[in-house]
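Residue numbers (full-length UniProt numbering), protein chains in the order written: chain A, 1 to 81; chain B, 1 to 81; chain C, 1 to 222; chain D, 1 to 743.
Each hint should be verified, as a subset may be incorrect.
Said to hold, decoys possible - Calculated lysine to aspartate or glutamate pairs in the EDC-like style (CA-CA distance at most 20 angstroms, straight line):
| # | chain 1 | residue 1 | chain 2 | residue 2 |
| --- | --- | --- | --- | --- |
| 1 | B | Lys-78 | A | Glu-44 |
| 2 | B | Lys-78 | A | Glu-80 |
| 3 | A | Lys-11 | B | Glu-80 |
| 4 | B | Lys-11 | C | Asp-149 |
| 5 | A | Lys-11 | D | Glu-317 |
| 6 | B | Lys-65 | C | Asp-73 |
| 7 | A | Lys-35 | B | Glu-50 |
| 8 | D | Lys-431 | C | Asp-113 |
| 9 | A | Lys-78 | B | Glu-7 |
| 10 | B | Lys-3 | A | Glu-73 |
| 11 | A | Lys-41 | B | Glu-80 |
| 12 | B | Lys-11 | A | Glu-7 |
| 13 | A | Lys-35 | B | Glu-58 |
| 14 | B | Lys-11 | C | Asp-150 |
| 15 | B | Lys-3 | D | Asp-310 |
| 16 | A | Lys-11 | D | Asp-310 |
| 17 | A | Lys-81 | B | Glu-80 |
| 18 | A | Lys-11 | D | Glu-111 |
| 19 | A | Lys-11 | B | Glu-7 |
| 20 | A | Lys-35 | B | Glu-44 |
| 21 | B | Lys-3 | A | Glu-7 |
| 22 | A | Lys-11 | B | Glu-44 |
| 23 | A | Lys-35 | B | Glu-46 |
| 24 | D | Lys-74 | D | Asp-534 |
| 25 | B | Lys-35 | A | Glu-7 |
| 26 | B | Lys-81 | A | Glu-80 |
| 27 | A | Lys-65 | D | Asp-150 |
| 28 | B | Lys-11 | A | Glu-44 |
| 29 | A | Lys-35 | B | Glu-60 |
| 30 | A | Lys-41 | B | Glu-7 |
| 31 | D | Lys-199 | D | Glu-461 |
| 32 | D | Lys-345 | C | Asp-35 |
| 33 | A | Lys-3 | B | Glu-7 |
| 34 | B | Lys-81 | A | Glu-7 |
| 35 | A | Lys-35 | B | Glu-7 |
| 36 | B | Lys-35 | A | Glu-48 |
| 37 | D | Lys-344 | C | Asp-35 |
| 38 | D | Lys-740 | D | Glu-729 |
| 39 | B | Lys-41 | A | Glu-64 |
| 40 | A | Lys-41 | C | Glu-143 |
Worth flagging that the hints you see were computed from the coordinates, not collected in a lab.
Residues per chain, in single letters:
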Amino acid sequence: MGKIVVEVMLKPEILDPQGTAVSAALPRLGFNFAKSVRQGKRFEIEVEGEPTPAQLAEVEKAAEKLLANPVIETYVVKAEK
Amino acid sequence: MGKIVVEVMLKPEILDPQGTAVSAALPRLGFNFAKSVRQGKRFEIEVEGEPTPAQLAEVEKAAEKLLANPVIETYVVKAEK
Amino acid sequence: MKVGVVTFPGTLDDRDAARAVGAAGASAISLWHGDADLKGVDAVVLPGGFSYGDYLRCGAISRFAPVMEKIIDAANGGMPVLGICNGFQVLCEAHLLPGALTRNHALHFLCRDQKLTIENTSTAWTSSFSQGQEIVIPLKNGEGSFQCDDQTLSALESEGRIVARYLGEDPNGSRNLIAGITNERGNVVGLMPHPEHAINVLTGPSADGLGFFTSVLKAMVK
Amino acid sequence: MALDTVASAKSNPDISQPFAELGLKPDEYARIKEILGRRPTSSELAMYSVMWSEHCSYKSSKVHLKQFGDKAVKTDALLVGIGENAGVVDVGQGYAVTFKIESHNHPSFVEPYQGAATGVGGIVRDILTMGARPIAVMDPLRFGPADAPDTRRVLPGIIAGVGGYGNCLGLPNIGGEVVFDETYLGNPLVNALCIGVMKHSDIKLAKAAGAGNLVVLYGAKTGGDGIGGVSVLASETFESTGPAKRPAVQVGDPFVEKVLIECSLEIFAEDLVVGIQDLGGAGLSCATSELASGGSGGMKVELDRVPLRDATLSPEEILMSESQERMCAIVEPSKINRFLEICKKWDVTVTVIGEVTDGDRLEITWHGDLIVDVPPRTVAHEGPVYNRPLAKPDYVDRVNAEVITVKLPESAEEIKAAVLKLAAAPNLADKSWVTDQYDRYVQGNTIQSQPDDSGMVRIDEKTHLGVAVATDANANWSYLNPYEGAKLALAEAARNIATAGAKPLAVTNCLNFGSPEDPGVMWQFAESVRGLADGCLEMGLPVTGGNVSFYNQTGSVAILPTPVIGVLGVIDDVRTRTPMSFDRAGLELYLLGETQNDIAGSEWAYLHGQRGGKAPIADLKREMRLIDLLVTGNKEKLFVAAHDLSQGGLSATLTEMVLRHGIGAEVTLENVGQTLISESPGRVVVAIDPAKSNALKDLAAKENIVMTKIGNTGGDSLIVNGAKIALSELRKAHTETFPKLFG
Ligand SMILES: Nc1ncnc2c1ncn2[C@@H]1O[C@H](COP(=O)(O)OP(=O)(O)O)[C@@H](O)[C@H]1O
Ligand SMILES: [Mg+2]
Chain A
1 MGKIVVEVML KPEILDPQGT AVSAALPRLG FNFAKSVRQG KRFEIEVEGE
51 PTPAQLAEVE KAAEKLLANP VIETYVVKAE K
Chain B
1 MGKIVVEVML KPEILDPQGT AVSAALPRLG FNFAKSVRQG KRFEIEVEGE
51 PTPAQLAEVE KAAEKLLANP VIETYVVKAE K
Chain C
1 MKVGVVTFPG TLDDRDAARA VGAAGASAIS LWHGDADLKG VDAVVLPGGF
51 SYGDYLRCGA ISRFAPVMEK IIDAANGGMP VLGICNGFQV LCEAHLLPGA
101 LTRNHALHFL CRDQKLTIEN TSTAWTSSFS QGQEIVIPLK NGEGSFQCDD
151 QTLSALESEG RIVARYLGED PNGSRNLIAG ITNERGNVVG LMPHPEHAIN
201 VLTGPSADGL GFFTSVLKAM VK
Chain D
1 MALDTVASAK SNPDISQPFA ELGLKPDEYA RIKEILGRRP TSSELAMYSV
51 MWSEHCSYKS SKVHLKQFGD KAVKTDALLV GIGENAGVVD VGQGYAVTFK
101 IESHNHPSFV EPYQGAATGV GGIVRDILTM GARPIAVMDP LRFGPADAPD
151 TRRVLPGIIA GVGGYGNCLG LPNIGGEVVF DETYLGNPLV NALCIGVMKH
201 SDIKLAKAAG AGNLVVLYGA KTGGDGIGGV SVLASETFES TGPAKRPAVQ
251 VGDPFVEKVL IECSLEIFAE DLVVGIQDLG GAGLSCATSE LASGGSGGMK
301 VELDRVPLRD ATLSPEEILM SESQERMCAI VEPSKINRFL EICKKWDVTV
351 TVIGEVTDGD RLEITWHGDL IVDVPPRTVA HEGPVYNRPL AKPDYVDRVN
401 AEVITVKLPE SAEEIKAAVL KLAAAPNLAD KSWVTDQYDR YVQGNTIQSQ
451 PDDSGMVRID EKTHLGVAVA TDANANWSYL NPYEGAKLAL AEAARNIATA
501 GAKPLAVTNC LNFGSPEDPG VMWQFAESVR GLADGCLEMG LPVTGGNVSF
551 YNQTGSVAIL PTPVIGVLGV IDDVRTRTPM SFDRAGLELY LLGETQNDIA
601 GSEWAYLHGQ RGGKAPIADL KREMRLIDLL VTGNKEKLFV AAHDLSQGGL
651 SATLTEMVLR HGIGAEVTLE NVGQTLISES PGRVVVAIDP AKSNALKDLA
701 AKENIVMTKI GNTGGDSLIV NGAKIALSEL RKAHTETFPK LFG
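Take these sequences, add in the hints, and give me the full structure.
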């Protein structure tokens, strides 16, 4: 069984309230490593067999149409392992 | 500037209504590639300079303490690029 | 009798909780998240809302507020603590209660008048009810689905730590229709529905919610 | 691009500037040059272009909206009138209430969730700006056909957005509308209303007075949100704007807004501001120019001090940014420390960006260079005014002449089928799928919300004083006759307040129309405004504010004229309100008001594909007598329940009443088809204890309102002239529609 991953992040110019909240919380807990944090979504899609290029192209389409909102988000599609 | 990524997913035994909803929506849009879908979170953390092992260890701690809830979630920390 | 009501940034139901405390005959003392000071209260309510916007996970950020350290200590010492909705989520994140609250199975925020049965009347917050009593109080949340592993679930069930269960159609996908649970000692209770919005029939679906607040008064007198 | 300063505008006067791309007409650009005596700098051009856009300047509507002032009744209840962020009315006991509706239509089509969410956020800040604590919201919405694929994209997102933002602010949602029509398919309407309450002495105004006072920006940091959104999104149809021109969507952060509300209320409570303005459309351009213009005119701002989310923003972009959750206050220097302290307590970003001067210019610098030097009134209040051509469109006489031929139910089977069909029609079906996503309990003061005729909140827990608000629009009638349509919507909203026993007090509105450049649309608009102004004069109600949304059209097809009218009323004791339904058997049901052959524009005609004929003519004198009857009857405790008749007529009203508490009714109607289906205005069904029937008769006679006994309550069915519909079957029809459509 194969896995395709879609990572969806807000475009850099779009406000990310969740990322901002996390970035503000980290130093309060004594973590000072972060210059900024952005929070996005990760979809793990299980497919039959090894992901094929055709499948990846389909996932790309699904990402554009359903998994991401291209008005405010960008996405990356990857075959995993 | 470097980037550390934390991927957080619900444990397999925990109900994932978002993933389930995506899985159900895909075939309605004519996409039939997915055997199952799980939805999780992706944090992109910007750090000063290339991520160091010490930094990664700190992020690991932050993931355990804040970014993920180990009761229901698992996480992976990665340096990006 | 002084009952503390905590305000985090983004807390919404603090005034309602204070009103309910007052209606039950105690005085409500407001506690600020940033002050590690319980002001000598006898019990604490963590009210509903969207503390820190519910960003990251509900309750995940509030759980680290200075006031929470004191509350965790006090709860471990036996002080009655009630977490309602977001407060329940905070208690789980703080590990005062087991499990976690996740996205409603239908993915929508759901606000409705909810029927419950009270299944444990020996906690600090439920002694005014009778075993098996059916009540109606508002349920309103987006992440109210109680989840935990099988082992925790069977412990909760066998130890009688399910405080309240949803009646009728499953509102959110909670395991075993759990609406509220307690810790082993019975002083800490987490409840997804909102008793503070049901203290009279003018502004709520019933006055059933008042029982939670009168219970704690009895517990403190003891 | 090099910084364009006032100095370079003088030394380099002839460069060509992109005024047309920014939505300015050549003569508007010429006027800016005339005002300044030179070409504008690029920052000045940015400011003028957003502030002179239709959305901000009301350039096409101003000449008509004037009537709300000219025709207004003089009333002491009006504490702040049109022109401020929101009007304020006196509701007694020292309380003042402010309420207003705004539209966020176009952004909600582009990004339904964020568009609707930021719509709620914007109107809440307007209310907060007046010095009030926001206490409730409402959301009148319009969508394309319920079963259209794009409605399935747009509606769930908009509902989730309204809920997501309002719930997180802790504002109970106490009402709204969900209406479907083809014309809204590419132009959904998202109108949002907010109500706020304060003591009289707490009212705040948008004015920058007192030289030396500080200009303070607080709230969220400024990013590239919705740059040009005001001028581009709100002022042009999508047809003329390709994707390249589509600006960044604004994303709201309700958590920041919630904190901003609490922080601001604490600041107000300590009386730390001289003037205050929210940042909405046109962002800092609007806030600085309006504050300066509202005061004596002089203000200096150091724009480089504005905290940024995106360090690469240019001064022009900072001036135009529509980042949400920001406020601008004028603070005396002696109070600034306390102001900063409160912001710190709430973890709110705050920056002093300038000061009030004793001059009459708004001067903005960027790292020391002067980039804006303008008379603020010319930006904020003296924009262009158009008296646009208007002409009655051809369709009006044509559709008015159509005769409605739709068959009305007669037999028992037909009656049953009609009641069920109406109960299940998307426009009339149970809206719980929507309202269950909204918190109606928070704050603990909600007395009425969906499915009541109006929303009602308690504003004083000790005295039980409360206010009720209803919004209404009947676009079908406005299409047939915009003048009467506006009056009828006003009457309906007022009636929806009165059924509960509250007395109507003030009016707000949101006027949603197509392109003002179309003379036919302009005529619809002018007629609607004239109708509303005349109606308010006749009913003695002041218009306290509102909003205009133009360019709601796809290609050459405009939306139905949709003037959404909000009416606010007062009730002295919320505990005595009349509920919308009965909870017991053995009561008598009366229909108050007369039923005429008003099938034109009705839901029944719409369901049968007919939208011609003539709209009813509003009889506001009679409406006022009916309102009197309802308010007096409530005081005298005559009613167990009272429910308004509107879309879907008596059929819809009875359906809603019997399903509310699961108590049936049996009614017998003369001329049953028409009585059940017609949508004649000015009607209400009341349920009373039989012992009160004489008192009701006397009251109705005194108010000269026709009253007809139609039946009794009880049983587990709705029985109409022998046609028996089990409540279970009726409930199924009524509640199934939305979950089936939207999941
Ligand atoms: N349809 C209308 N009826 C009455 N007043 C209106 C209408 N449209 C706009 N106004 C008033 O014009 C003023 C300016 O409106 P607007 O620019 O929308 O204010 P803001 O920017 O504060 O939302 C406000 O006082 C508003 O109430
Ligand atoms: Mg405003």
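Unsatisfied constraints (hint numbers, rising): none
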